[in-house]
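Chemist: Sequence:
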Amino acid sequence: MVTPPSMTALQEIIKFGHVPAVSYACVAYQKKEKHQFVRTSIAVGKKNAQSTDSEIIVDDKTRFPASSLSKIVFTYLVLQLVKDKQIDLDEPLHNILQYERFLVDGKYPKKAKELTARHVLSHTTGLPNFGANLSSTLIFDPKLELSEGYSYSGEAFLYLQTVIEAKIGKDLETLAQEYVFGPLGMGRSTFMPPSEDDDNIVAVHTELGKPTSIYIGEPHVNAAGSLLTTADDFSKFMVAWLENMNDPIIEQAFEPASTDDLITCGLGWHIYRHENEVIAYQYGENPNTRAFIAINITTKKGAVFFTNSENGMSIANQVFSSPDLSPIGNMQELYKHLHYTQSDEPGWQETMLGKIAEVGNKFEEARYYFEKALGLSPEDETKLRRLEWFKAVHHPFPEKKFTLSLKAFMGNYKNSYNDDIEMSIRNDSLILKQFDQKIKLVRVAETEFLPEQDQSFKIRFDGDLMSISFIHGGRDKFLSKQPSPKSLLHYKDEVRQLRESQPGYMRSTEVSRVKEREYIDTAPKPSWRS
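Residue 309 in full-length UniProt numbering sits at position 309 of the sequence shown; the count goes up by one each step and never skips.
FYI, nobody ran anything at the bench for these hints, they're computed from the structure. Any given hint might turn out to be false.
[As the list claims (entries may be wrong)] In silico DSBU-like pairs for lysine-lysine, Cα to Cα no more than 35 Å straight-line:
(1) Lys-143 / Lys-83
(2) Lys-111 / Lys-433
(3) Lys-170 / Lys-85
[Unchecked claim] Okay, the calculated beta carbon distance ranges per label pair:
(4) Glu-91 / Leu-465: 40 to 46 Å
(5) Pro-142 / Ala-166: 27 to 33 Å
(6) Glu-218 / Leu-97: 17 to 23 Å
(7) Gly-169 / Glu-100: 18 to 24 Å
(8) Glu-365 / Ala-445: 23 to 29 Å
(9) Pro-142 / Thr-174: 35 to 41 Å
(10) Gln-177 / Leu-465: 46 to 52 Å
(11) Leu-465 / Lys-440: 20 to 26 Å
Only a predicted model underlies this, so the values are computations on that prediction, with no experimental measurement involved. Note that CB positions come from ideal geometry on N, CA and C, so glycine has one too.
Full structure from sequences and hints, please.
Modeler: Shown next as structure tokens:
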């Protein structure tokens with residue numbers, strides 16, 4: 001007998017995790033049941049934490065962003081097309097569609113010509129997760145061969161989407177409705193962006209509870225991350241996977257590329273082992289929203305949750321291990337590996353209260369909570385760094401004097417993983433801009449900076465090299481300063497020099513004027529700053 005999950009337990013979990021709302025579903029194998037799998041869904045909380053509208057409570061029809069859980073829906077679609085013999089997992093995609101974003105010096109690299117759908121779905125392409133824009137060049141990691149080594153890539157999924165749409169002549173939404181949403185009865189699922197006519201959809205929230213709009217990426221209909229759905233729809237989706245695990249095509253999704261690595265993939269799904277159990281999972285992270293799905297292949301149980309908060313991953317351990325819900329398995333090692341701090345860890349609540357106090361300019365109160373959090377978990381290096389970095393920003397000592405001007409750090413910084421950060425100055429402070437987010441930095445040493453609020457990373461400069469260290473540890477990120485675009489004055493000066501280099505320009509022949517026009521047309525265009 002399958003015990004129904006407790007709504008009260010779920011309400012307590014999201015309250016403790018500072019998450020406004022969650023849509024949750026679980027499925028379990030029960031042989032005596034007519035359909036073998038029993039599924040249950042629950043939605044609790046508020047669509048918008050700051051709204052007083054009577055319609056703000058979520059229900060099982062309320063849409064949530066699925067973020068990268070979109071990828072396993074797309075994987076299911078691709079495998080249905082394989083069954084239908086419309087797609088071959090091992091055919092080079094280049095044979096179907098030549099993707100200009102792979103061009104390097106006018107030529108397609110060998111890997112671009114050999115890339116297959118299997119490489120894409122198993123995250124073994126060596127491509128970056130995302131590009132700077134939809135026309136930017138995509139570079140294959142030279143250290144990785146196709147099918148060897150894990151490289152999570154949304155760009156690869158976008159390429160496969162483009163190939164399939166071109167080959168079949170239908171867009172992603174049409175194909176998903178035809179092969180997935182329609183047959184499985186997923187009536188509240190769509191890859192289309194949020195509609196103004198849909199009033200049963202959540203707002204998403206920052207870590208400290210500020211409501212924002214759902215992120216809409218490019219392209220708007222995106223196999224890697226644009227899905228809107230409900231947990232109730234996903235309960236049907238999980239059953240479809242579980243019921244067809246003996247299908248030769250479907251079972252490939254759960255065959256890991258490696259048996260040694262903690263992070264490895266089948267097709268679409270990541271695979272995790274704990275003791276004698278095998279768990280397939282996928283996480284979703286878009287701005288201010290988190291989602292997670294896990295299917296225990298061994299016990300034939302699955303669960304999924306969608307949240308409308310940046311804090312969403314903090315409830316994963318409780319959701320997937322609580323006896324009041326539907327325990328899936330022990331994944332604590334996985335959460336740590338993915339740097340998902342959990343709201344049931346010692347000191348998590350105190351850390352949140354410290355962050356809230358800091359934003360409210362209650363620095364002594366914030367310091368108290370950060371010290372208390374560290375006291376509850378003295379071996380936790382993340383909590384130690386948080387306290388040290390907080391003290392460095394909010395110190396009571398006289399302001400330090402520095403030699404280098406802030407102008408030395410201004411500019412645009414990039415790396416081969418398409419990270420793109422702009423550094424500017426406003427009101428005598430260095431401002432970091434990435435995507436649409438701007439963060440004011442505080443100078444704590446000659447070449448070191450921390451965020452004014454929520455010190456989750458530290459930036460260091462060494463000439464034109466920027467390094468970013470993260471509060472949770474792990475590898476630093478490195479970016480290089482890009483050449484500055486020419487100012488308008490510099491640009492005009494070069495044109496003037498061109499004119500002066502052409503004798504008799506003012507009595508100019510058409511030839512010399514043509515040369516000037518050619519120079520203007522081919523020269524790098526300025527940003528029109530003087």
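Chemist: If you test the structure against every hint from before, which numbers come out violated?
Modeler: Checked against the structure, no hint fails, so every one of them is satisfied.
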